[in-house]
Amino acid sequence: MNLDLLRGNRNLLFWGLHTLGWSAYGFAQFVGSAVYGKEPGYIQVIAIAAASGFLLSAPLRLLYRRLWAAGPRAMLIGSPIACWVAALGWRAIINTAYMDIVKPEWAEDHAQQPLEIFVGTLSSMALLLCWTGLYYGVKFYERLQLEREATLRQSALAQEAQLKMLRYQLNPHFLFNTLNAISTLVLDGQNRTANLAVSRLSEFLRYTLDQDPMKKVTLRQELDALNLYLGIEKLRFGDRLKLEFDVDERAESALVPSLLLQPLVENAMKYAIAPREQGGSVTVIAGIEGGTLRLAVADDGPGLPAAPASGNGRGVGLRNTRERLMVLYGDAHSVEVIGLSPGLSVEMRLPLEA
Amino acid sequence: MKQDTRIRAIIVDDEPLARRGLELRLRAFDDFEIVAHCANGREAIDAVAEHAPDLMFLDIEMPGIDGFEVLRRVPQTSMPMVVFVTAFDRYAIEAFDAHALDYLLKPLVDERLERTMVHVREQFAQRRSMQHREQLVKLLATVTGAGQLDADELIARGAAGLPQRFPEVLPIRLGRETVRLPVAAIEWVDAAGDYMCVHAEGRTHVVRATMKQFEERLDPADFQRIHRSTIVNIRRIRKLKPHTNGEYFLTLDGGHELKLSRSYRDRLERILGKG
Numbered sequence: 010m011n012l013d014l015l016r017g018n019r020n021l022l023f024w025g026l027h028t029l030g031w032s033a034y035g036f037a038q039f040v041g042s043a044v045y046g047k048e049p050g051y052i053q054v055i056a057i058a059a060a061s062g063f064l065l066s067a068p069l070r071l072l073y074r075r076l077w078a079a080g081p082r083a084m085l086i087g088s089p090i091a092c093w094v095a096a097l098g099w100r101a102i103i104n105t106a107y108m109d110i111v112k113p114e115w116a117e118d119h120a121q122q123p124l125e126i127f128v129g130t131l132s133s134m135a136l137l138l139c140w141t142g143l144y145y146g147v148k149f150y151e152r153l154q155l156e157r158e159a160t161l162r163q164s165a166l167a168q169e170a171q172l173k174m175l176r177y178q179l180n181p182h183f184l185f186n187t188l189n190a191i192s193t194l195v196l197d198g199q200n201r202t203a204n205l206a207v208s209r210l211s212e213f214l215r216y217t218l219d220q221d222p223m224k225k226v227t228l229r230q231e232l233d234a235l236n237l238y239l240g241i242e243k244l245r246f247g248d249r250l251k252l253e254f255d256v257d258e259r260a261e262s263a264l265v266p267s268l269l270l271q272p273l274v275e276n277a278m279k280y281a282i283a284p285r286e287q288g289g290s291v292t293v294i295a296g297i298e299g300g301t302l303r304l305a306v307a308d309d310g311p312g313l314p315a316a317p318a319s320g321n322g323r324g325v326g327l328r329n330t331r332e333r334l335m336v337l338y339g340d341a342h343s344v345e346v347i348g349l350s351p352g353l354s355v356e357m358r359l360p361l362e363a
Numbered sequence: 361m362k363q364d365t366r367i368r369a370i371i372v373d374d375e376p377l378a379r380r381g382l383e384l385r386l387r388a389f390d391d392f393e394i395v396a397h398c399a400n401g402r403e404a405i406d407a408v409a410e411h412a413p414d415l416m417f418l419d420i421e422m423p424g425i426d427g428f429e430v431l432r433r434v435p436q437t438s439m440p441m442v443v444f445v446t447a448f449d450r451y452a453i454e455a456f457d458a459h460a461l462d463y464l465l466k467p468l469v470d471e472r473l474e475r476t477m478v479h480v481r482e483q484f485a486q487r488r489s490m491q492h493r494e495q496l497v498k499l500l501a502t503v504t505g506a507g508q509l510d511a512d513e514l515i516a517r518g519a520a521g522l523p524q525r526f527p528e529v530l531p532i533r534l535g536r537e538t539v540r541l542p543v544a545a546i547e548w549v550d551a552a553g554d555y556m557c558v559h560a561e562g563r564t565h566v567v568r569a570t571m572k573q574f575e576e577r578l579d580p581a582d583f584q585r586i587h588r589s590t591i592v593n594i595r596r597i598r599k600l601k602p603h604t605n606g607e608y609f610l611t612l613d614g615g616h617e618l619k620l621s622r623s624y625r626d627r628l629e630r631i632l633g634k635g
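As you go down the protein sequences, you meet chains B and H in turn.
Position 59 of the first sequence, counting from 1, maps to 68 under the numbering used here, and the rest follow consecutively.
Position 167 of the second sequence, counting from 1, maps to 527 under the numbering used here, and the rest follow consecutively.
One or more hints might be untrue.
Far from chain H, by Cβ distances over 10 Å, these chain B residues were calculated [said to hold, decoys possible]: (1) Val44; (2) Glu48; (3) Arg75; (4) Gly146; (5) Pro181; (6) Asn186; (7) Ala190; (8) Leu196; (9) Asp197; (10) Asp221; (11) Arg245; (12) Gly247; (13) Glu286; (14) Ile297; (15) Ser350.
Derived contacts from chain B toward chain H, CB cut-off under 8 Å, selection only [unchecked claim]: (16) Val94; (17) His182; (18) Thr193; (19) Leu244.
So these bits of chain B aren't anywhere near chain H, every CB distance computed over 12 Å [stated by the list, open to error]: (20) Ala67; (21) Val147; (22) Ala165; (23) Ile191; (24) Glu298; (25) Val336; (26) Pro360.
No lab work stands behind these hints: they were computed from the structure.
Quantities reported herein were computed from a predicted structural model and do not represent experimental measurements.
In this text, a Cβ means the ideal position worked out from N, Cα and C, and glycines have one as well.
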């Protein structure tokens with residue numbers, strides 16, 4: 010039998026195990042009756058008991074699903090009650106079958122006595138409790154498997170994000186153009202500026218190389234790193250690049266994933282500043298709204314293409330950001346791309362962590 | 361210093377420090393002269409028309425019109441020698457290598473620049489500009505693709521009873537797409553090797569075709585050959601300026617300047633009567 014198919018199709022798994030269990034019950038009873046030499050009609054009673062058990066316990070699945078969703082307390086209280094009720098019905102069927110087929114005179118002696126009904130029901134209930142235990146056991150095992158898969162997927166995503174970040178860090182265009190600019194400054198005798206550029210570049214590289222993309226830093230640290238990067242870009246682009254910061258002081262101690270803003274600013278540089286002869290401006294906004302940290306990187310460039318162009322480079326950069334935030338915050342965050350006139354703003358809301 | 365043998369160069373780069381770096385380094389070569397600095401492709405095209413430089417240092421990644429687009433838009437007859445300057449572009453470098461065109465990598469290395477200058481001097485001395493232009497157009501065909509005149513559509517139009525010899529629309533097939541270019545929109549066409557550059561509506565279509573094919577398709581009442589490698593739309597000419605040795609410069613309504621060579625002087629009357 011194909012186990013993966015069983016695991017994938019949960020109905021098939023249930024009915025398979027259910028049938029197997031009740032067949033095993035019937036078989037065990039049959040062997041028992043043979044060993045103890047029971048009455049000849051007893052085999053029919055066993056068949057009826059197994060079939061009615063099969064039918065009576067099946068609806069429990071529908072109830073247990075609800076109890077499972079309602080939580081452990083509902084499960085602990087609800088399941089035994091359900092078992093008892095089902096057991097009562099089952100006992101009635103078995104007793105009736107026994108009387109009709111094996112021993113009609115038995116009814117006068119025992120069947121109507123409350124104690125007999127109570128004890129009989131208890132023994133049936135034990136069996137149904139076993140069924141219940143198996144049912145929840147399988148369900149629990151399934152959930153564990155799913156959780157393990159989710160964890161694996163998350164760590165794979167995290168690794169992927171790390172690789173992508175590595176690509177960002179070593180953006181060759183940025184690196185070579187910057188080295189070229191520094192080389193000019195040296196040739197031109199502007200030693201102080203050249204020196205400043207070298208220290209900014211090395212500090213920025215160190216920051217990007219040291220950081221684990223899943224680690225969090227304070228917004229202040231992140232902004233400092235961003236300033237290193239922007240200082241270099243300002244040197245390259247001159248007047249074509251205008252910068253604005255609108256940062257709430259209270260937000261500066263909040264924790265953010267390291268190098269969260271830099272790729273977004275780099276994107277803005279690539280699509281809003283570099284392609285335009287007159288250049289443009291990039292605005293970085295940080296503030297606190299209730300329990301959330303609001304971060305935004307806005308530009309006054311051409312904004313989103315009117316028609317959603319396939320394989321838009323900007324989309325790829327944004328997807329990396331989305332993936333990283335998804336791994337770190339799950340559903341507790343939001344990323345929005347807002348068209349400005351003119352320009353584009355990427356707005357993020359993260360849980361406020363200090 | 362012999363003023364007349366200096367190689368006149370323009371520098372095209374959007375980063376001021378990158379331009380300054382080249383300028384400072386070129387000071388070491390006193391047979392070179394920088395006649396213009398351009399911060400983008402648009403300025404580069406204007407500078408080529410204004411200064412007719414011998415050499416252009418051309419950055420690829422630039423705002424608006426990028427390096428390759430500059431190559432497409434500059435008329436073939438006024439195309440200077442081109443040295444590409446790029447920080448990092450594996451694809452472009454492969455293309456430069458394939459067409460034996462010179463390029464410099466940023467940050468600039470002095471020894472490499474010296475070798476480039478030796479190469480440029482050789483080319484300049486031998487006036488191998490025609491070969492160089494053909495290499496440039498082949499590069500364009502590699503990097504941005506080349507179209508083909510769509511023979512099937514031309515024949516179909518003929519069968520439909522439309523004037524077959526001089527179609528009003530030129531179908532150019534590029535891969536699976538066909539651009540239907542109105543003939544009246546064509547400003548000029550110039551040849552380089554196995555390719556023709558069709559300049560129309562501010563765009564350039566590189567087409568694998570011959571001068572002869574175009575002369576057959578374009579109505580001589582509107583289109584005249586003015587150079588071994590140029591056909592111009594007479595209606596687009598706005599200015600005519602005599603030059604040395606019986607040559608003329610024609611300025612089109614788009615601002616582009618084309619050269620009319622001596623062997624085509626007899627076409628002048630036709631041109632003067634039109635437009």
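So, going through the hints one by one against the coordinates:
1. A cut-off of 10 Å between C-beta atoms confirms that valine 44 of chain B is not in contact with chain H; the least separation is 81 Å.
2. For glutamate 48 of chain B, the shortest C-beta to C-beta distance to chain H comes to about 85 Å, beyond the 10 Å cut-off, and the non-interface label holds.
3. With a closest Cβ-Cβ approach of about 57 Å to chain H, arginine 75 of chain B is found to remain outside the 10 Å limit, as its non-interface label requires.
4. Distance to chain H confirms glycine 146 of chain B as a non-interface residue, since its nearest Cβ pair spans about 57 Å, more than 10 Å.
5. The claim that proline 181 of chain B is not at the interface with chain H is violated, since a C-beta of that chain comes within 10 Å of its own (minimum 4 Å).
6. Distance check for asparagine 186 of chain B against chain H: the nearest CB is about 5 Å away, which does not clear 10 Å, and the non-interface claim fails.
7. Separation of alanine 190 of chain B from chain H is inadequate, the least Cβ-Cβ distance of about 4 Å not exceeding the 10 Å criterion.
8. With a least beta-carbon separation of about 5 Å from chain H, leucine 196 of chain B fails to lie farther than 10 Å from that chain, contradicting its non-interface assignment.
9. Some Cβ of chain H comes within 10 Å of the Cβ of aspartate 197 of chain B; the nearest lies about 6 Å off, and the non-interface call is violated.
10. For aspartate 221 of chain B, the condition that its CB be more than 10 Å from all CB atoms of chain H holds, with the nearest at approximately 26 Å.
11. The Cβ of arginine 245 of chain B sits about 5 Å from the closest Cβ of chain H, inside the 10 Å cut-off, so the non-interface label is violated.
12. The claim that glycine 247 of chain B is not at the interface with chain H is violated, since a C-beta of that chain comes within 10 Å of its own (minimum 5 Å).
13. Against chain H, the non-interface label of glutamate 286 of chain B is violated: not every CB pair exceeds 10 Å, the least being about 5 Å.
14. Isoleucine 297 of chain B, annotated as away from the interface, keeps every beta carbon of chain H farther than 10 Å; the closest lies near 37 Å.
15. Distance check for serine 350 of chain B against chain H: the nearest CB is about 21 Å away, which clears 10 Å, and the non-interface claim stands.
16. Taking 8 Å as the C-beta contact cut-off toward chain H, the hint placing valine 94 of chain B at the interface is violated, the least distance being around 70 Å.
17. With 8 Å as the threshold, the beta carbon of histidine 182 of chain B comes within range of chain H, its nearest partner Cβ sitting at about 5 Å, so the hint holds.
18. Annotation: threonine 193 of chain B was flagged as interfacial toward chain H, and the flag holds, the nearest CB pair being 3 Å apart, inside 8 Å.
19. Because the closest C-beta pair between leucine 244 of chain B and chain H is about 7 Å apart, less than 8 Å, the hint holds.
20. Distance to chain H confirms alanine 67 of chain B as a non-interface residue, since its nearest Cβ pair spans about 59 Å, more than 12 Å.
21. No beta-carbon of chain H comes within 12 Å of the beta-carbon of valine 147 of chain B; the shortest separation is about 55 Å.
22. For alanine 165 of chain B, the requirement that its beta carbon stay farther than 12 Å from each beta carbon of chain H is met, with the minimum near 29 Å.
23. The beta carbon of isoleucine 191 of chain B sits about 8 Å from the closest Cβ of chain H, which is not more than 12 Å, so the claim that it is off the interface is violated.
24. Even its closest Cβ contact with chain H, about 36 Å, leaves glutamate 298 of chain B beyond 12 Å, as expected for a residue assigned away from the interface.
25. The Cβ of valine 336 of chain B lies farther than 12 Å from every Cβ of chain H, with a closest approach of about 30 Å, so its non-interface assignment holds.
26. No Cβ of chain H approaches the Cβ of proline 360 of chain B within 12 Å, the least distance being about 38 Å, so the stated non-interface status holds.
Of the numbered hints given earlier, the model fails hints 5, 6, 7, 8, 9, 11, 12, 13, 16 and 23; all others are met.
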